[in-house]
Each structure stands twice: as C-alpha cells, then as structure tokens.
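Asks: So you can see what is in the structure, the chains are spelled out below.
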Amino acid sequence: MTARTVVLVLLAAVSLQGQVTFNRILNADREPHNWLSYSRTLDNQRFSPLTQITSANVKNLQLQWVWQSRSLEKFEATSLVVDGVLYTVQQPNDVVALDAVTGRVYWTLTYQPAPEARSCCGRVNRGLAISGDTLFMGTLDAHLLAIDARSGQVIWNTTVADTKARYVITHSPLVVRDKVIIGTAGGDGPIRGLIAAFDIKTGKELWRWYTIPAPGEPGNETWAGDSWMIGGVGVWNAGAYDPETNLAFWGTGNPSPGMDGRTRRGDNLYSDSVVALDVDTGKLKWHYQFTPHDEMDYDSTQVPLLADITFRGKPRKVMLWANRNGLMYVLDRVTGEFLFGKPYVKVNWMDGFDEKGRPKRVPGMVPGPEPKLIQPHIHGASNWAPPAFSPRTGLFYVSHWENSGSYVGQGRFARPAGVNTRQTGMGQVNLLPFFNNENETFGVVRAYDPNTLEPTWEYRMTDITWGGVLATAGDLVFSGGREGYFFALDARTGALLWKASVGGQVNAGPMSYAVGGRQFVSIAAGSALFTYALP
Amino acid sequence: MRTALAALLSVAAGLIVTSGLVSAQHENVDIEDGGRAFRSACANCHGTAGDQIAGIDLGRGRFRRVYSDPELVGIIRNGIPNTPMAATGVTEQQAVNIVGYLRSLAGSTRGPAVVGDSTRGRSIYDGKGACATCHRVNGVGSRVGPDLSAIGQNRQSAELEQSLVDPGAEVLATNRFYRVVTKEGVAVMGRLLNHDTFTVQILDSKEQLRSFVKADMREHGFVGTPMPSYFGTLDPQERADVVSYLMSLKGGSR
Numbered sequence: 028m029t030a031r032t033v034v035l036v037l038l039a040a041v042s043l044q045g046q047v048t049f050n051r052i053l054n055a056d057r058e059p060h061n062w063l064s065y066s067r068t069l070d071n072q073r074f075s076p077l078t079q080i081t082s083a084n085v086k087n088l089q090l091q092w093v094w095q096s097r098s099l100e101k102f103e104a105t106s107l108v109v110d111g112v113l114y115t116v117q118q119p120n121d122v123v124a125l126d127a128v129t130g131r132v133y134w135t136l137t138y139q140p141a142p143e144a145r146s147c148c149g150r151v152n153r154g155l156a157i158s159g160d161t162l163f164m165g166t167l168d169a170h171l172l173a174i175d176a177r178s179g180q181v182i183w184n185t186t187v188a189d190t191k192a193r194y195v196i197t198h199s200p201l202v203v204r205d206k207v208i209i210g211t212a213g214g215d216g217p218i219r220g221l222i223a224a225f226d227i228k229t230g231k232e233l234w235r236w237y238t239i240p241a242p243g244e245p246g247n248e249t250w251a252g253d254s255w256m257i258g259g260v261g262v263w264n265a266g267a268y269d270p271e272t273n274l275a276f277w278g279t280g281n282p283s284p285g286m287d288g289r290t291r292r293g294d295n296l297y298s299d300s301v302v303a304l305d306v307d308t309g310k311l312k313w314h315y316q317f318t319p320h321d322e323m324d325y326d327s328t329q330v331p332l333l334a335d336i337t338f339r340g341k342p343r344k345v346m347l348w349a350n351r352n353g354l355m356y357v358l359d360r361v362t363g364e365f366l367f368g369k370p371y372v373k374v375n376w377m378d379g380f381d382e383k384g385r386p387k388r389v390p391g392m393v394p395g396p397e398p399k400l401i402q403p404h405i406h407g408a409s410n411w412a413p414p415a416f417s418p419r420t421g422l423f424y425v426s427h428w429e430n431s432g433s434y435v436g437q438g439r440f441a442r443p444a445g446v447n448t449r450q451t452g453m454g455q456v457n458l459l460p461f462f463n464n465e466n467e468t469f470g471v472v473r474a475y476d477p478n479t480l481e482p483t484w485e486y487r488m489t490d491i492t493w494g495g496v497l498a499t500a501g502d503l504v505f506s507g508g509r510e511g512y513f514f515a516l517d518a519r520t521g522a523l524l525w526k527a528s529v530g531g532q533v534n535a536g537p538m539s540y541a542v543g544g545r546q547f548v549s550i551a552a553g554s555a556l557f558t559y560a561l562p
Numbered sequence: 234m235r236t237a238l239a240a241l242l243s244v245a246a247g248l249i250v251t252s253g254l255v256s257a258q259h260e261n262v263d264i265e266d267g268g269r270a271f272r273s274a275c276a277n278c279h280g281t282a283g284d285q286i287a288g289i290d291l292g293r294g295r296f297r298r299v300y301s302d303p304e305l306v307g308i309i310r311n312g313i314p315n316t317p318m319a320a321t322g323v324t325e326q327q328a329v330n331i332v333g334y335l336r337s338l339a340g341s342t343r344g345p346a347v348v349g350d351s352t353r354g355r356s357i358y359d360g361k362g363a364c365a366t367c368h369r370v371n372g373v374g375s376r377v378g379p380d381l382s383a384i385g386q387n388r389q390s391a392e393l394e395q396s397l398v399d400p401g402a403e404v405l406a407t408n409r410f411y412r413v414v415t416k417e418g419v420a421v422m423g424r425l426l427n428h429d430t431f432t433v434q435i436l437d438s439k440e441q442l443r444s445f446v447k448a449d450m451r452e453h454g455f456v457g458t459p460m461p462s463y464f465g466t467l468d469p470q471e472r473a474d475v476v477s478y479l480m481s482l483k484g485g486s487r
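Taken in order, these protein sequences are the chains called A and B.
Letter by letter, the first sequence follows residues 28 to 562 in this note's numbering.
Letter by letter, the second sequence follows residues 234 to 487 in this note's numbering.
Please keep in mind that the hints were generated in silico from the structure rather than gathered at the bench.
No experiment lies behind these values; they were computed from the predicted model shown.
It cannot be assumed that every hint is accurate.
[Claimed, not checked] As a list, the in silico DMTMM-like pairs of lysine to aspartate or glutamate whose alpha-carbon atoms are at most 25 angstroms apart:
(1) K447(B) <-> D517(A)
(2) K231(A) <-> D205(A)
(3) K526(A) <-> D429(B)
(4) K399(A) <-> E403(B)
(5) K447(B) <-> E429(A)
(6) K447(B) <-> E465(A)
(7) K447(B) <-> E485(A)
(8) K312(A) <-> D226(A)
Take the sequences, apply the hints, and build the full model.
Replies: Here's what the structure looks like:
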C-alpha cells in the first residue's frame, strides 16, 4: 500500500463532510461515492460509476439496513448521500439525516404542510437538493425551504405560490450556482404553472417563468379566450442542466381541464413540452411540444436525460425522452431540434411525424362525447419514474407499461382498458392482490438503442411498474415494481441476476453510493428505505 | 312533436323485437359463441353490457330504429356509412350468433318473460344444479367459487341469467381460475388469489391456500371458468327459479 493510497483510505474512513460547492455537483463523477442530486448528475443519467457490485457478484447482495418511515404516503424520494450522510424525505415533507452505513438517524426535521395543500395524486415528495451545507426542499403547500444539513434547522422558508389556489410542489429542486430553481405542480386543476429561481442564501425570488404565456407573449394565441389563465401545465419532476449552454430543462404537464379541450382550443403551449430556460435570466430559449392540444392527460413531466452520443454516425448532444404519450424521442438539446421519434409501446392516437416533429393525429382518435379506446393509458407508457443511461453500454434504460389503454371521453374520467382498475391508482404503499392475465397491461424494463429507439432486451414483469431505473458501471441495471421486488439485471442482456422481496410497492428510483470503500445500493419501497451491499 | 313521438314509438317497437327471428332463418345459432364474438368485436365501443353509446342499449334490444335480424347481421358485418359504426370483419355465422346473443339478452332483460319461484330455485340450487359444490351462501357450501350470499344485492337478474347460460361471459378478475402443473406432473387448479412475476397464490379445489414458485412449475396459467353452462341442463323455468332465488340473497343474514 503506497502512502497516497493510505491517505485516500483514511480520508474515506473519516468521511469529512465538506461544503457541496456547485463545482462538486457539476463534477460529480470525481466523487462517485456520493449522490449529490436527484439523478446523481445534472444530466439525469442516473448512472453510478461504482464498480464493486458487478454482474458477477451481485447474487451475493445482502440487506444492510432498513429505515422505516412513519408515513403511509408513497415513498417516491431518491436519497442524497454526502460523505457518509444520507438525506431523505419522510413523505410528504419531513427531512431525515441518516448514517449511510448503519441507517441510524442523526436528525429529523418535521414540516407539516398547510391543510389547504391538496395534490391530485398522493402527498409525495421526490427528493432534495444541496448546496454548501444547505438542503433544499419544495413542499406540498408550495413553499421552498432551505435547511441546515448539519442540524436540520430551517434557514429560510419562501412561498413559491399560493397553495389555496391549488399549487403544490412535489419534485426535487435544481441548484445551479447561486440559484435554487423549482416548479409548481397542481396542473390538473386551474393553476397557471410556473418555474421560479431563488437566491440560495436568502430565498429571494430572482426570476419567474410561467408555463403558459400571457397575452402579448408568443404562444398565448394557442389558448382560446381566457383559458390561459387556468390552463394548468404543472411542473412536477426534476429538471436537468447543461453547463455548456447554461440551459436548464424541465418537462411540463398536461393542460387543464385534462380530458376536455373544448374550452382551450389551440396547441396550448407550453403544455406537454420540454422547455429550455436560460438559468441566468429565466428566459425561454427553445421548446418542443410532445403532444399539442392534449386531451389524454399525457403529462410530459418525465426526467429530461442528456447524453453525448454518436447519432447517425455523428457526435451529437442529445436529450433522450420516453414520453407518457407512448413515443420516444431524440432531441438536439442545444437547439431543441427533433432528430428522431417513434412509438415504443402500442399507440393509436398518432401515426408518424411531420418534418418538424409534430405528431400526425389519427383522424377521429380524439375524445368525443362517447369515450374511445386511446392507447397508451392516461398514465402512460412512461410516467415520472426516472430512467437511466449507461455510457458503458450506450443504452437508454426505461421502466414503463406496455399494452395499455383507456377509454377517454370529453369531460369524463378515463376508464382503464387492459388494466385491473385496482392497479391504476398512482401507486400505493402496500402490495395489493393482483389478477391480470398475460394479455393485459404489464410492466417492463427495456434497454433502448438511441439510434434506433428499438429495445435490445426486455425484462418483463407481471404487474405494472412505478419504479425507476439505476444503471451502474458494474454493468447492472436495478429496478423494482408494484409487485414489491427490487431486482438487478445484466445491463447488456437483461438477465435477472438478483432479486429481493421488499414487501411493498417500489415507487422510487434506485441509487448507489459508497462509504469507506464499500458500495451500497438503496431503494425506497413501501414506507421504508432498503439498503444492500456485498458481505 | 311528431318526430319525438315517432322516435318514442320506434324505441318502443325496438323493445318488443323478440328472439326467434334469427333462429327461424338460421338453424344453428350458437348464443355462447355469439357472446364471445360480441365481446371481442363489439364491446370495445358498445361496452360489455351493450349500453356504452347514448341511445343504444344492445342488451335491451334498443337500437337507433327497428332492425330485422338480417339487417343487424348486415350492419355488424359491413358497418353503417358515415357513422362511427365500422365493419367488424366477423363471419356471417358469427354475426348471426351475435344477433342471437343480443336477442337472447334482450329477451332476458325485457322482464319476467318466465317468472321464477325462489323456493323452487333454492331446491334446484341445492339439488339438480349442485351449485354448492363450488359456491357458498351464508356459510354453507364451497369457498372455491364466488360467495353468493349477497349476489342479489350486487347483480341484476339478467346478469345472473347470463352467467347461468354463458358462465364465462363475464368473470370478475378476482374470480378467475389458474392452473399449475408441478415438475412431478401434479396439476393443481383453483381460484387465483394473487400472482406476480415469480409466484402464484390460489385457493385450490380442496379449499386449501396454496403458493407456488412459477419457475418450479412445468406449466402455469389462467384457465376458463370451471362452471358449466346450464343452458341445456336447466330449462328456462328452472333457470328463472334459480335466478329468483339468487336475487333473494341480499347478505346480512349471518
């Protein structure tokens, strides 16, 4: 053992909890033992460079600890790990700091959202952000909190929007230099969605961008009459950041009312879109709308995934997107140009794209007075569960539904087709009896080639899934589903290599970290956090 | 007003269209097959009860206007131009069977064409029908099939009549049957309680709770309902009696 190695080992053992500068977050690959943002890196690849756990030894994984929350809400958060300390969210908005090795609790911050806070689909939170030694959390009552990472004390508490007007916040904030940026959910109700940036130190608002343009702004003409004022378009999943262009990206939600577009004729910009905002000014640089004039509730709030790939023989800076509407996309993330797209599940509402990447609607396949079977289901194909990308395999890993649909009619609540109605709620904590047969809707993890958007392999579940995906440099893909299994697949073949029965539904994305040179893999399932390592 | 009256009359006329026309022209009307064909070719738009489209209630013989059986066969096969009603692609015989099925449904829902006697129905339930072999009422009978103690609360008589004649027509997801065969060749069948990618849990035919690892099975999968059709074994009066008995079961007596 050289002197340098000794120093490194000692440093790792002591686990000094340093300030998390933005430079550290930007260069997260230099400290693969940490997990500093929702998807580890700001490109949202959810790829861990750790190599201790491999396809050869994953079969030996053992449970190290379980932390049980007191919440009966779905556990959708991805934890952060900073130098041996794990931060997670007890749903909806308590923050907990744990020893990442033992699962023992350092501190708990209890935050009770205002009783007026009403979310459509569960009182949930998907995670935290960190800068310096300050954690940030958006709350169900649409506040943004800055929290001391050492003590759990609130440093500042800013109101982002009025929760009495149906605004809520459920996703992890995005930290870029001196700003913490967050969007508002609630877009199934009559809100006007927004993304806003706040000063990290003070909580002072620096800019605000509405997801629906006001009169006089480009795009307002895509909303009939005053419908823009209450057109929904929430933002409820993590954004991405590209330092080369200083652009941040978010997916946006459906227009409101969701399944009846008669009062909001037009494309309804910027609903069901990806928007690229200049981080310094909050100005829109480009947008791409996945589902113009959506009447099927095809929120496009999937996590934007940025990758540098060879596309059609040329190096391209792209954004990969498996959309709720059943279509998969490759976009140029510098310009927003549509490069390629195609259905990745059964889709019957569109048939091809025009030259600008606008979907061609199938005549008659829009909701009318009588419900029609429209595929995929209103919950997708893919929903909010985070995907992954491995630079080692070049594959885009997505967990999603297949063979789904719903009967959608104007002003009516959609009825599922091919899905046991007990399965269609937005996930649950506990396991439910499951009865579907093999012809009905099922969950898959698939590995897509970004050049063809065809799967190179598929791992099929019996039930549907709300679990996200983690890829690792050990050439593994971790995921889980409603059936209450957490499992590891071979990243190159999809072969099942290991599984654990966790006794509750997996409603989160897995993550991995290391302490003292030992790699851990962690997943929220049911109401608890399960963490595994090699013996 | 005149138009409204005409519409009303046509609806009323539609209601009294009786079965038998199809059978008069086609000797081999397979109502069970018609039910299956209806569910695969028609129910996507019309719904399994045939009432999903406003003003049309196929299960009760209510169409846009009065149609003869051959007209309905033609519509099923060729669609109606300039309307959402598309050609289905079913064969002539299947279309005939669908019409027969719809007419039989309309007949059974039209009202008490045959009035049942619940006391006689109970005797048939316990005796000739041997229903308690699989079903349970107020704690008596098998747990393998659906418990019928409150079936009269949850179902209409037409639905029960349909289940007697065509028991596979509509089976709740919670009442489906599953069969596994172990590597040793032992077959076990029962009502599915739960399953996932790796395991399956059933209540077997001996009312035992059983759990299996799918990978350890030679074969496994859903099977059709083990309930026989009573179309041939009970005559219309007997079926009406059984339905009458079942409709009297409202739960709460335990």
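Asks: So, for every hint listed, does it hold in this structure?
Replies: A quick look at each hint next to the structure:
no.: 1; hint: K447(B) <-> D517(A); result: holds (21 angstroms)
no.: 2; hint: K231(A) <-> D205(A); result: holds (11 angstroms)
no.: 3; hint: K526(A) <-> D429(B); result: holds (13 angstroms)
no.: 4; hint: K399(A) <-> E403(B); result: holds (21 angstroms)
no.: 5; hint: K447(B) <-> E429(A); result: holds (22 angstroms)
no.: 6; hint: K447(B) <-> E465(A); result: holds (14 angstroms)
no.: 7; hint: K447(B) <-> E485(A); result: holds (19 angstroms)
no.: 8; hint: K312(A) <-> D226(A); result: holds (22 angstroms)
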